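A.B. asks: Given next are the chains, with one letter for each unit.
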Amino acid sequence: MSGLIDLSASQAAAAIKRGEVDPGALFDLYRQRAATDSLNAYTWVAEQAPKAPPQPSLGGVPLAVKDLFCTEGVPSQSGSRILEGYRPPYTATVVERLAQAGAPLLGKTNQDEFAMGSSNENSAFGPVLNPWDRARVPGGSSGGSAAAVAAGLAPWAIGTDTGGSIRQPAALCGIVGLKPTYGAVSRYGMIAFASSLDQAGPLTRDVSDAALLLSHMVGERDPLDATSLDFPEPIAMPSRRTLAGIRLGVPSELTGEGIEPGVLGAFQATLELARQLGATVESCALPHAPHALAAYYVLAPAECSSNLARFDGVRYGYRAADPDDLLSMYERTRHDGFGVEVRRRVMLGTYVLSSGYYEAYYGRAQRVRTKIAADFAAAFERFDFVVMPTSPCVAFELGSKLADPYAMYLNDFLSVPASLAGIPALSIPNGLASPPGGGTPLPVGFQLAGPAFSESQMLDVAFALEQALGFDGRAVRS
Amino acid sequence: MTPDFEPVIGLEIHVQLKTRTKMFCGCELSFGAPPNTLTCPVCLGLPGALPVANARAIHFALMIGLALGCELADHSVFHRKNYFYPDLPKGYQISQYDEPLCRGGELAGVRLHRVHLEEDAAKLIHLGASGRIHGSEQSIVDFNRGGTPLVEIVTEPELRSGEHAREWLSLLRATLRSLGVSDVNMEEGSLRADANVSLRPAGSTPLGTKTELKNMNSFRFLERGVTAEIERQRAIIEGGGEVAQETLHFDPASGALTTLRSKEEAHDYRYFPEPDLVPIATTAEMLEQARAAIGELPAARAVRFERDFGLSAEMAHLLAFRSDLGDYFEAANAASAADSGHAQQLANWVSGQLVARIGEQDPATSNVTPAALATLVELVSARELTNGTAREVLDVLLQSGGDPRAIVAERGLASLSDDSELAAIVAAAIAADPDAAAKVRAGNAKAIAALIGPVMRETRGRADGSEVTKLIREQLGV
Amino acid sequence: MIDRDTVLHVARLARLELTDGEVERMVGELGGVLEHIETIAQLDLDGVPPTTHVVEVANALREDEPRASLSRQQALAGAPAVADEGFAVPSPQA
Ligand SMILES: [Mg+2]
Ligand SMILES: [Zn+2]
Numbered sequence: 001m002s003g004l005i006d007l008s009a010s011q012a013a014a015a016i017k018r019g020e021v022d023p024g025a026l027f028d029l030y031r032q033r034a035a036t037d038s039l040n041a042y043t044w045v046a047e048q049a050p051k052a053p054p055q056p057s058l059g060g061v062p063l064a065v066k067d068l069f070c071t072e073g074v075p076s077q078s079g080s081r082i083l084e085g086y087r088p089p090y091t092a093t094v095v096e097r098l099a100q101a102g103a104p105l106l107g108k109t110n111q112d113e114f115a116m117g118s119s120n121e122n123s124a125f126g127p128v129l130n131p132w133d134r135a136r137v138p139g140g141s142s143g144g145s146a147a148a149v150a151a152g153l154a155p156w157a158i159g160t161d162t163g164g165s166i167r168q169p170a171a172l173c174g175i176v177g178l179k180p181t182y183g184a185v186s187r188y189g190m191i192a193f194a195s196s197l198d199q200a201g202p203l204t205r206d207v208s209d210a211a212l213l214l215s216h217m218v219g220e221r222d223p224l225d226a227t228s229l230d231f232p233e234p235i236a237m238p239s240r241r242t243l244a245g246i247r248l249g250v251p252s253e254l255t256g257e258g259i260e261p262g263v264l265g266a267f268q269a270t271l272e273l274a275r276q277l278g279a280t281v282e283s284c285a286l287p288h289a290p291h292a293l294a295a296y297y298v299l300a301p302a303e304c305s306s307n308l309a310r311f312d313g314v315r316y317g318y319r320a321a322d323p324d325d326l327l328s329m330y331e332r333t334r335h336d337g338f339g340v341e342v343r344r345r346v347m348l349g350t351y352v353l354s355s356g357y358y359e360a361y362y363g364r365a366q367r368v369r370t371k372i373a374a375d376f377a378a379a380f381e382r383f384d385f386v387v388m389p390t391s392p393c394v395a396f397e398l399g400s401k402l403a404d405p406y407a408m409y410l411n412d413f414l415s416v417p418a419s420l421a422g423i424p425a426l427s428i429p430n431g432l433a434s435p436p437g438g439g440t441p442l443p444v445g446f447q448l449a450g451p452a453f454s455e456s457q458m459l460d461v462a463f464a465l466e467q468a469l470g471f472d473g474r475a476v477r478s
Numbered sequence: 001m002t003p004d005f006e007p008v009i010g011l012e013i014h015v016q017l018k019t020r021t022k023m024f025c026g027c028e029l030s031f032g033a034p035p036n037t038l039t040c041p042v043c044l045g046l047p048g049a050l051p052v053a054n055a056r057a058i059h060f061a062l063m064i065g066l067a068l069g070c071e072l073a074d075h076s077v078f079h080r081k082n083y084f085y086p087d088l089p090k091g092y093q094i095s096q097y098d099e100p101l102c103r104g105g106e107l108a109g110v111r112l113h114r115v116h117l118e119e120d121a122a123k124l125i126h127l128g129a130s131g132r133i134h135g136s137e138q139s140i141v142d143f144n145r146g147g148t149p150l151v152e153i154v155t156e157p158e159l160r161s162g163e164h165a166r167e168w169l170s171l172l173r174a175t176l177r178s179l180g181v182s183d184v185n186m187e188e189g190s191l192r193a194d195a196n197v198s199l200r201p202a203g204s205t206p207l208g209t210k211t212e213l214k215n216m217n218s219f220r221f222l223e224r225g226v227t228a229e230i231e232r233q234r235a236i237i238e239g240g241g242e243v244a245q246e247t248l249h250f251d252p253a254s255g256a257l258t259t260l261r262s263k264e265e266a267h268d269y270r271y272f273p274e275p276d277l278v279p280i281a282t283t284a285e286m287l288e289q290a291r292a293a294i295g296e297l298p299a300a301r302a303v304r305f306e307r308d309f310g311l312s313a314e315m316a317h318l319l320a321f322r323s324d325l326g327d328y329f330e331a332a333n334a335a336s337a338a339d340s341g342h343a344q345q346l347a348n349w350v351s352g353q354l355v356a357r358i359g360e361q362d363p364a365t366s367n368v369t370p371a372a373l374a375t376l377v378e379l380v381s382a383r384e385l386t387n388g389t390a391r392e393v394l395d396v397l398l399q400s401g402g403d404p405r406a407i408v409a410e411r412g413l414a415s416l417s418d419d420s421e422l423a424a425i426v427a428a429a430i431a432a433d434p435d436a437a438a439k440v441r442a443g444n445a446k447a448i449a450a451l452i453g454p455v456m457r458e459t460r461g462r463a464d465g466s467e468v469t470k471l472i473r474e475q476l477g478v
Numbered sequence: 001m002i003d004r005d006t007v008l009h010v011a012r013l014a015r016l017e018l019t020d021g022e023v024e025r026m027v028g029e030l031g032g033v034l035e036h037i038e039t040i041a042q043l044d045l046d047g048v049p050p051t052t053h054v055v056e057v058a059n060a061l062r063e064d065e066p067r068a069s070l071s072r073q074q075a076l077a078g079a080p081a082v083a084d085e086g087f088a089v090p091s092p093q094a
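Protein chains in written order, with the numbering used here: chain R, 1 to 478; chain E, 1 to 478; chain P, 1 to 94.
If we strip away everything but chain R, and leave its shape as in the complex, we get (with noise of 0.2 Å):
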């Protein structure tokens, strides 16, 4: 059956329910395209689906999962030298409960290392390459998962949204990414980067696959992770077809500068289709969101330096060779085993929170936090949305950023407002734009934030935004 590869995930999972298609084939026709893949978007590929739960909800359909995904036995390396071959003996809550649900493990995707960076080009395992142009970065740090879904290499994919790792990647790959409320989804077994901003989230074709995915990622809180939550109700299958009553802020701060012309055209378009479709569109202000970036790279490093710890060289994973005391077995390993922009982070975080240094970053980076989280807060008194784009640029040439940190920071700075505030944000495709020197146009992203477990709501606004966009990824999964 040729269409099989054209079915979104949840169309595949009512033609298994129906008897139309055989799980089993649908895993295997997969497992060839994801064994076969040329974009480095894997790095382990499963030999068969593993025996499926009676009467599962999703069907059997195969799901894409990011290396830094604890699964039993399959290699779990975070895109990390220093996890190279490592077979963790558990599975995360969240890959366990969706394989409960009857989305089966296809293959651990490839990412930047532990999580830290916005190009893919982190990882031990080499780039990641843009299905839309192999020249370009798929974005990061979810980019296997968001270059997999783009390709037709996996039904959809599971990532993690540090300060924009799911949003940033699918706008770069033309693809929906939903990062849910913080707490809504466990986050035991996910190799953590900055605990309190980690959030795993869905990667999909559409935005009914993601509201399918996420309904069976989020519910009962997790007893293995004490800041998890219970989702207050189940998450609604998306159907909203106008934009009646829906009242959408657009934030001065991240509409304006840094962001490319093309980005920006393709926002104004969307703003002015929501119009044409019943929303109110009216500016807001997020004042403290210009300094969203700032506090980020102060949290976010901090909490990794310290994250990072448990890679020593003692229970698992790399261990430098031959070492001549313990004081340089934990310094040759971690230097050998830790790529450039993990030891930056890592030397970035040691420092801001060293003696003498805390209170100037950490301490003001937290009440930058509060700061924001209430900028939101006010916003959503009058709206019911933040909309902006999700990332400021299309997808850059490999290699073009790698010279200067910021520059590539600079990627986060219209996606770490919502990780900050720990509310949910969602990117869809919205149209494609050229890139600023000219050249093939490639795909961006509409940025919806939200006040915390609005994600129902949030997807179905984002349904209707869908249906009049109609934008069409098929080109890319041929």
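Just so you know, the hints here were simulated from the structure itself, not pulled from any lab data.
Everything numeric in this text was worked out from a predicted model, so none of it was measured.
Careful: at least some of the hints might be erroneous.
Said to hold, decoys possible - Using 20 Å as the maximum straight-line C-alpha spacing, the simulated EDC-like pairs for lysine to aspartate or glutamate come out as follows:
{"#": "1", "chain 1": "E", "residue 1": "123", "chain 2": "E", "residue 2": "28"}
{"#": "2", "chain 1": "E", "residue 1": "18", "chain 2": "P", "residue 2": "64"}
{"#": "3", "chain 1": "E", "residue 1": "123", "chain 2": "P", "residue 2": "84"}
{"#": "4", "chain 1": "E", "residue 1": "18", "chain 2": "P", "residue 2": "65"}
{"#": "5", "chain 1": "R", "residue 1": "401", "chain 2": "P", "residue 2": "22"}
{"#": "6", "chain 1": "E", "residue 1": "18", "chain 2": "P", "residue 2": "63"}
{"#": "7", "chain 1": "E", "residue 1": "214", "chain 2": "E", "residue 2": "163"}
{"#": "8", "chain 1": "R", "residue 1": "401", "chain 2": "P", "residue 2": "35"}
{"#": "9", "chain 1": "E", "residue 1": "81", "chain 2": "R", "residue 2": "359"}
{"#": "10", "chain 1": "E", "residue 1": "123", "chain 2": "P", "residue 2": "63"}
Chains E and P with the ligands: place on chain R using the hints.
C.D. replies: Below, chains E and P with the ligands alone, put in the same frame as chain R:
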């Protein structure tokens, strides 16, 4: 003239809590389990694992806080204390920093600074030269102990000598033991104490430079270590030198104090709030449960012993603060005939003869039942046994248990006090030594000893000394 | 501004060996990033409480109930060096 110096000592005490499972995971606590058989992803610090705090550990810590009169925080948080060591699986210890569970408090006139919760490190076994690999010595890590719940108790620097430190710590141990929250055994490591020691001119307020003493794993070593350090500092100061701030290791075998770490090598722990855990909000219900779980504390018990049994303050204190002795004393007292008035004698026997024979052992685990001791005391009181033969009976009881009356009967140890047999023996002794008899008749009171001796030898201690004296005087008519 | 000595001190705290060239590069790169980060120093944040957790929950505790532990074989499976039923490391006392 050298001024007189006053030692200033503070203790930092770690107490392993007697929960079923570890502080942040469900592994059972290790009591001599084979190495590395009580671990899980959490306490091995595997990538992706998350801690969840043990409710009973918090309950125990609240009990300790209440028992020591601390101020209990209604909001307290865990921090990460970052440093590298092979026994620390995550590269940080989860501890408490500026928002501990308890502050203040007091025990036996020594004020407490704080009481907080944390997790224990793993066990590191140094193989030394026998375990050389690549020319360097090896150590082995056993993570069974890693993650055991600890309560850290920090005193104000209000102890004044090694002896004072030892006595005070034994009071603390008694208090903790009576709470049932820990085995509080120094030799086994469930109670550990470090001491901060400094000297200052007598009567002055500012503290001198302090040193920290580690590894004093018995009450005796604590006293000896602190005493040795006071003497070392006194010698330095009197020699015109200055005490260096450092961490010292006390070697109980040689009595030597060696430097572990100087001030320059001091750690920079980069404390920051543990993002994987949420705060502890001490509820009224938690407090109520902790309060209800506290039985009678040693101080209150001492007051009761004094009041209800008429014991001296010193005796009451001794029995109350060694709860095993107190329990045994109360059991023996209960086994005595009502209104026997033997409480004082029972206390003497428990704290005197019994402790002299069994030392630190819990008398309840000896062969002497409390009822047997009560019987023994009754026999002495009724002059059916002399003190000397009673001690003999106690030795037999300790050897092989049993009933004192049966032992007395079997061994013919009953007193000869009211027996004509004794009168005959006395008469024979007088007849055998006419010189002594003459001297006594002549008013030389001291000469009576020469007559008592042979009687006691003849009766093998079954005769009461004062009874024998009385009979000699009667027969000699003095 | 961050200097060479600071980079070396921080690298030691983080247990990261850096070559001379990497130290030089780190001085420049960290300095550059910190320059941007330091803009938060200009904000008036007096009286603003810090946010540690966006989640407003407390007492997410577990009952003191045992769960199965790993076998020793599982625990040691990924260890780079094993001896005497444990994880082998260069001795800290050497
Ligand atoms: Mg401690
Ligand atoms: Zn454990």
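A.B. asks: A separate judgement is required for each hint: does it hold in the structure or not?
C.D. replies: Against the structure, the hints come out as follows:
| no. | hint | in the structure |
| --- | --- | --- |
| 1 | 123(E) - 28(E) | holds (16 Å) |
| 2 | 18(E) - 64(P) | holds (11 Å) |
| 3 | 123(E) - 84(P) | holds (13 Å) |
| 4 | 18(E) - 65(P) | holds (13 Å) |
| 5 | 401(R) - 22(P) | holds (19 Å) |
| 6 | 18(E) - 63(P) | holds (14 Å) |
| 7 | 214(E) - 163(E) | holds (17 Å) |
| 8 | 401(R) - 35(P) | holds (19 Å) |
| 9 | 81(E) - 359(R) | holds (16 Å) |
| 10 | 123(E) - 63(P) | violated (25 Å) |
Of the numbered hints listed earlier, the single one contradicted by the structure is hint 10.
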